[in-house]
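Enquirer: Chains as they are written, first to last, in my numbering: chain A, 16 to 351; chain B, 4 to 258; chain C, 2 to 277.
Take these hints with a grain of salt, some might be off.
Below are the SDA-like pairs computed for lysine to any residue, each with C-alpha atoms no more than 25 Å apart in a straight line [unchecked claim]:
| no. | chain 1 | residue 1 | chain 2 | residue 2 |
| --- | --- | --- | --- | --- |
| 1 | A | Lys112 | C | Glu245 |
| 2 | B | Lys56 | C | Asp174 |
| 3 | A | Lys186 | C | Pro137 |
| 4 | A | Lys112 | C | Ser66 |
| 5 | B | Lys56 | C | Tyr115 |
| 6 | A | Lys112 | C | Asp67 |
| 7 | A | Lys301 | A | Gly127 |
| 8 | A | Lys45 | A | Ser244 |
| 9 | A | Lys186 | C | Ile217 |
| 10 | B | Lys56 | C | Leu112 |
| 11 | A | Lys285 | A | Glu76 |
| 12 | B | Lys17 | B | Lys56 |
| 13 | A | Lys241 | C | Leu60 |
| 14 | B | Lys17 | B | Arg212 |
| 15 | B | Lys108 | C | Ser187 |
| 16 | A | Lys112 | C | Phe56 |
| 17 | A | Lys241 | C | Thr61 |
| 18 | B | Lys238 | B | Glu158 |
| 19 | A | Lys178 | C | Gly79 |
| 20 | B | Lys22 | B | Asp246 |
| 21 | A | Lys112 | C | Val252 |
| 22 | A | Lys112 | C | Gly46 |
| 23 | A | Lys333 | A | Asn230 |
| 24 | A | Lys186 | C | Ile130 |
| 25 | A | Lys178 | C | Gln228 |
| 26 | A | Lys186 | C | Phe143 |
| 27 | B | Lys56 | C | Ile178 |
| 28 | A | Lys178 | C | Tyr229 |
| 29 | B | Lys131 | C | Glu269 |
| 30 | B | Lys56 | C | Trp188 |
| 31 | B | Lys56 | C | Phe113 |
Since the hints were made in silico from the structure, they are not lab data.
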Amino acid sequence: MVLFNRRQTLGLMGAAAASLATPAIAQNKKIVVGALNLASHSGSFIALERGYFADAGLDVELKFFQAAQPMAVAIASGDVDFGVTAITGGLISLADKGAVKVFGGALTEEPGIEGQKILASNAAFDAGVKTPKDMDGKRFGVTTAGSSFHYMGSKVAEKEGVKLEFVPLQKVGAVIGALKSGQIDAWSIVPNIAGGLTGADAAHEIGIIADYLPNYQVTTLFTSAKNASDRREETKAFLTGYNRGAADYNAAMVDKTADDADALVEIIHKYVYSDQPIETASASIKAGSMRLSKNAALNLASVRDQLSWFQSEDLVDKSISIETLVDTSYVDIIEN
Amino acid sequence: MDIRLDAINHFYGKTEILKDITIDIPSGKIVCLVGPSGCGKSTLLRFAGGLEKPTSGRVLQLGEPPEGCLNTLTYVFQDFALLPWRSVRGNISLVLEDHGIRGTKADAIITDVLARTRLTDFDKALPKQLSGGMKQRVAIARALAVNPAVLLMDEPLSALDSQTRELLMDDLVTLWTRTPFTALYVTHNLAEAVRLGHRVVVLSRRPGRIREIVEIDKPLAERGYADADLEIIQKHLWDLMRDEARAAEEELIDV
Amino acid sequence: MSDTAFANTPLAEETRQSEVRFRGGGFAPRNRRWVGFVVFAVLIGLAEIGTRTGFISNLTLPRPSDVLETIVQLYQSGLLFKHLVPSLTRLVVGAALGASIGISVGVMVGLFSYVRAGLVPLLAALFPIPKIALLPLFVIWFGIDEGSKYALIAFGTFTPTAVATYSAVDNVDRSLIRMGQSFGLSWFSIVRKIVLPGAMPGILSGLRISLAIAIILLVAAEMLGAQYGIGAYILEAGSLYDLERLFAGVVILSLLGVLVSTVIGIIERRLLGWRT
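Whenever a hint applies, use it, and build me the whole structure from the sequences.
Expert: Pasting the structure below:
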């Protein structure tokens with residue numbers, strides 16, 4: 016395992032990209048990629064629509080899920096080959112059972128780039144919850160115990176020295192509803208959804224996650240343990256295609272060094288906010304832009320922190336090691 | 004108290020069911036009503052008890068009901084109509100409760116009617132434990148408990164096998180001999196009619212009309228099984244009814 | 002051959018003799034309770050052996066002994082009751098509300114033509130609604146705490162109970178009602194002493210189904226905003242892909258179902274001993 020820090024990673028980027036761009040042996044291999052209808056999955060969308068997967072010799076079919084958890088199960092069952100999603104207790108449990116492996120990073124919190132927001136409901140805000148410090152004893156919405164929301168809320172609470180009551184609501188939609196109606200007091204969520212809520216005066220922003228988890232590896236690339244160990248060529252081919260998609264996204268949407276943002280929005284709009292007219296969706300998609308790790312570099316420090324948090328909360332078995340969860344042989348590893 | 008069915012006519016929609024029926028049921032006598040199936044005899048019984056209304060004509064009570072009568076016109080049903088969740092005693096007490104008769108007063112009445120129907124030992128039994136004949140005796144006991152002016156009996160023995168029927172007929176005769184009661188007794192069984200009826204009214208098939216009224220003078224207590232006098236009357240009744248019964252049998256059912 | 006010759010008719014004994022083949026029997030269920038236990042034991046045994054030998058991967062099924070251990074731990078840590086008490090409270094309050102309203106409405110529908118005309122279409126419209134779909138709405142109406150959970154379970158038990166009750170009232174032997182009328186019983190007496198006891202078998206078998214639905218809905222009710230409860234425990238185990246906890250929760254729910262069914266069985270035996 017080779018360790019890189021961020022600077023080295025940036026320096027070595029070109030070399031890494033070159034090494035990963037080796038042509039795949041497989042041609043037109045049919046693979047299924049799991050995705051959620053969220054802007055954070057744009058890497059897959061762009062790679063598919065711009066033919067980057069095809070260039071890498073893969074015939075990709077996207078399969079959509081409502082939440083991270085079922086996607087992890089679908090990978091374990093072999094129905095989906097590759098997925099992009101947050102590290103959840105379920106994912107770790109499945110890794111422990113030898114079913115899945117994390118092999119790369121995707122969405123990342125990065126200082127200086129607008130990341131996930133902490134929101135307070137209008138009622139709670141009016142009652143004095145103006146900053147995360149004021150959340151003591153409040154109800155914090157999560158989808159399920161062991162979800163990324165649970166992790167974020169817990170980490171924020173720890174740093175602020177407050178106690179939160181975590182309310183499981185299963186689905187993002189239900190959390191939004193509960194926040195709007197004041198059934199819960201606070202929540203953390205990606206910027207485009209947060210922007211939609213605060214823009215409609217349905218909630219107030221009281222903080223940002225990046226202040227608490229500066230290099231938070233929000234989502235990761237993962238696949239079945241079998242793919243990671245036995246089908247390396249396909250996994251590499253997937254990475255090649257995905258990385259090109261992610262690079263396009265970062266350049267146009269995050270770094271704004273490319274000027275094809277509108278073309279990308281058009282691609283993304285096919286999958287995200289597709290029920291809204293593109294004029295409306297465009298703003299949300301742009302507002303929600305967060306960094307996708309360059310060349311799928313994985314912040315192992317963050318992953319390790321997440322794993323130990325899940326273990327400390329008794330959500331997953333304490334004996335699970337980071338090696339069980341992560342296959343570090345595919346991408347650059349960031350250790351800070 | 005006597006009862007009179009006065010010029011009764013009845014239609015179901017356009018179908019004429021009963022035509023110009025006038026029958027007197029004198030106090031202390033049993034009047035049997037026989038006729039082919041579908042002649043409207045059960046309908047007539049429902050008129051008599053006020054469960055249904057005839058298209059025209061009246062049912063009259065002549066005189067006052069006897070002292071202590073709780074339910075002037077009381078039915079005994081073919082299917083017994085016992086509440087399966089109540090014991091024998093409970094079934095009888097059911098019809099007393101609504102008249103505010105409870106406790107010792109009710110006990111006295113129940114004990115009396117159970118004794119009269121020879122059911123004293125079975126007062127705690129549930130209907131499911133009883134034979135058909137016993138069930139009907141419970142139903143009769145229940146009817147007697149309200150001390151009715153007139154018993155309206157709707158084929159009370161039809162659901163029973165022939166031996167039980169004979170036994171129950173004996174029981175009814177004994178009951179009547181001890182304390183004469185007034186009854187309108189509907190049956191399709193001619194043997195029952197000649198055994199129990201002081202008067203037998205023969206109805207024709209639909210529309211039901213009175214064919215003949217046969218008076219039987221022989222006292223109930225003297226009538227017996229395979230009684231020669233009764234055989235003659237029964238044969239006469241059968242002669243009146245045979246053709247009609249056959250025609251009725253072959254009719255298509257369209258009610 | 003004349004009638005009188007019967008005694009002399011010889012049997013065809015000398016020609017050919019064969020016993021009549023028995024072809025009755027069967028189709029009469031008998032009480033063989035132990036077979037049920039054997040089936041359970043064999044299935045659990047197979048799962049245990051399969052998971053121990055690795056024939057069944059730990060991704061497919063948890064090891065039954067591990068599930069048992071999880072339940073024991075749950076009990077020892079006191080968490081079992083922390084989960085069980087709120088669940089049972091929700092179940093009892095919700096089901097009691099739903100069933101009592103259901104029975105009242107069912108009786109009304111059974112007795113009054115106008116109520117029937119007005120409510121039967123409504124019940125038919127409400128019955129097939131997946132009550133889970135209304136949970137977010139209930140959260141807004143009744144709050145995210147206990148109110149919405151009671152409401153969901155109550156609503157879920159209400160419709161089957163109401164439908165079972167009114168068909169039970171419909172099926173009360175009319176001749177018994179006629180009898181009551183012929184003895185001059187008051188309307189109220191007829192309802193109380195004839196209609197309700199007569200409808201009781203139907204109501205109780207309806208209740209059997211409603212209460213099973215209540216247990217199903219318990220898990221749904223605990224989807225939103227419940228930190229403790231068997232349903233919440235199962236959902237959490239599911240999202241963590243923790244099969245031992247998942248099955249432990251499922252076993253507890255099953256036991257709850259068996260318990261409810263047994264209780265109704267006892268009530269049936271006590272109240273419906275009169276049935277043949």
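Enquirer: The structure should be examined with respect to each hint, and the outcome stated for every one.
Expert: Tested hints:
With a CA separation close to 12 Å, the supplied pair A:Lys112 and C:Glu245 stays within the 25 Å bound. The hinted pair formed by B:Lys56 and C:Asp174 meets the criterion: a straight-line CA distance of about 22 Å does not exceed 25 Å. Proposed proximity of A:Lys186 and C:Pro137 is supported: the alpha carbons are some 11 Å apart, at most 25 Å. Annotation: proposed proximity of A:Lys112 to C:Ser66 holds, straight-line Cα distance about 17 Å (limit 25 Å).
The straight-line distance between the Cα atoms of B:Lys56 and C:Tyr115 is roughly 24 Å, inside the 25 Å bound, and the hint therefore holds. The suggested pairing of A:Lys112 with C:Asp67 holds, with an alpha-carbon distance near 15 Å, which does not exceed 25 Å. Annotation: proposed proximity of A:Lys301 to A:Gly127 holds, straight-line Cα distance about 16 Å (limit 25 Å). Taking the CA atoms of A:Lys45 and A:Ser244, the gap is near 18 Å; set against the 25 Å cutoff, the hint holds.
Under the criterion of a C-alpha separation no larger than 25 Å, the hint pairing A:Lys186 with C:Ile217 is consistent with the structure, at around 19 Å. With a C-alpha separation of about 22 Å, the suggested pair B:Lys56 and C:Leu112 falls inside the 25 Å cut-off, and the hint holds. Note on A:Lys285 and A:Glu76: the hinted pairing holds, with a Cα-Cα distance of about 15 Å set against a maximum of 25 Å. With a C-alpha separation of about 16 Å, the suggested pair B:Lys17 and B:Lys56 falls inside the 25 Å cut-off, and the hint holds.
Taking the CA atoms of A:Lys241 and C:Leu60, the gap is about 14 Å. The hint holds against a cut of 25 Å. The hinted pair formed by B:Lys17 and B:Arg212 meets the criterion: a straight-line CA distance of about 17 Å does not exceed 25 Å. Proposed proximity of B:Lys108 and C:Ser187 is supported: the alpha carbons are some 21 Å apart, at most 25 Å. Distance restraint check for A:Lys112 and C:Phe56: the Cα-Cα separation of roughly 15 Å lies within the 25 Å cut-off, and the hinted pair is therefore satisfied.
Proposed proximity of A:Lys241 and C:Thr61 is supported: the alpha carbons are some 16 Å apart, at most 25 Å. Proposed proximity of B:Lys238 and B:Glu158 is supported: the alpha carbons are some 20 Å apart, at most 25 Å. Note on A:Lys178 and C:Gly79: the hinted pairing holds, with a Cα-Cα distance of about 23 Å set against a maximum of 25 Å. For the hint linking B:Lys22 to B:Asp246, the alpha-carbon distance of about 19 Å falls within 25 Å, and the restraint holds.
Restraint check: the Cα-Cα separation between A:Lys112 and C:Val252 comes to about 22 Å, which is no more than 25 Å; the hinted pair holds. Note on A:Lys112 and C:Gly46: the hinted pairing holds, with a Cα-Cα distance of about 22 Å set against a maximum of 25 Å. A hinted pair counts as satisfied when its Cα atoms are at most 25 Å apart, and A:Lys333 with A:Asn230 qualifies at roughly 24 Å. Only pairs whose Cα atoms come within 25 Å are accepted, and A:Lys186 paired with C:Ile130 is accepted, the gap being roughly 20 Å.
Between the alpha carbons of A:Lys178 and C:Gln228 the distance comes to roughly 15 Å, so the proposed pair stays at or under 25 Å and holds. Restraint check for A:Lys186 and C:Phe143: the C-alpha separation of about 19 Å stays at or below 25 Å, so the hint holds. Annotation: proposed proximity of B:Lys56 to C:Ile178 holds, straight-line Cα distance about 18 Å (limit 25 Å). Between A:Lys178 and C:Tyr229, the direct Cα distance comes to roughly 18 Å. Compliance with the 25 Å bound is thereby established for this hinted pair.
For the hint linking B:Lys131 to C:Glu269, the alpha-carbon distance of about 16 Å falls within 25 Å, and the restraint holds. Distance check on the hinted pair: B:Lys56 and C:Trp188 sit about 20 Å apart at the alpha-carbon level, within 25 Å; holds. As the CA atoms of B:Lys56 and C:Phe113 are separated by approximately 22 Å, the hinted pair is consistent with the 25 Å bound.
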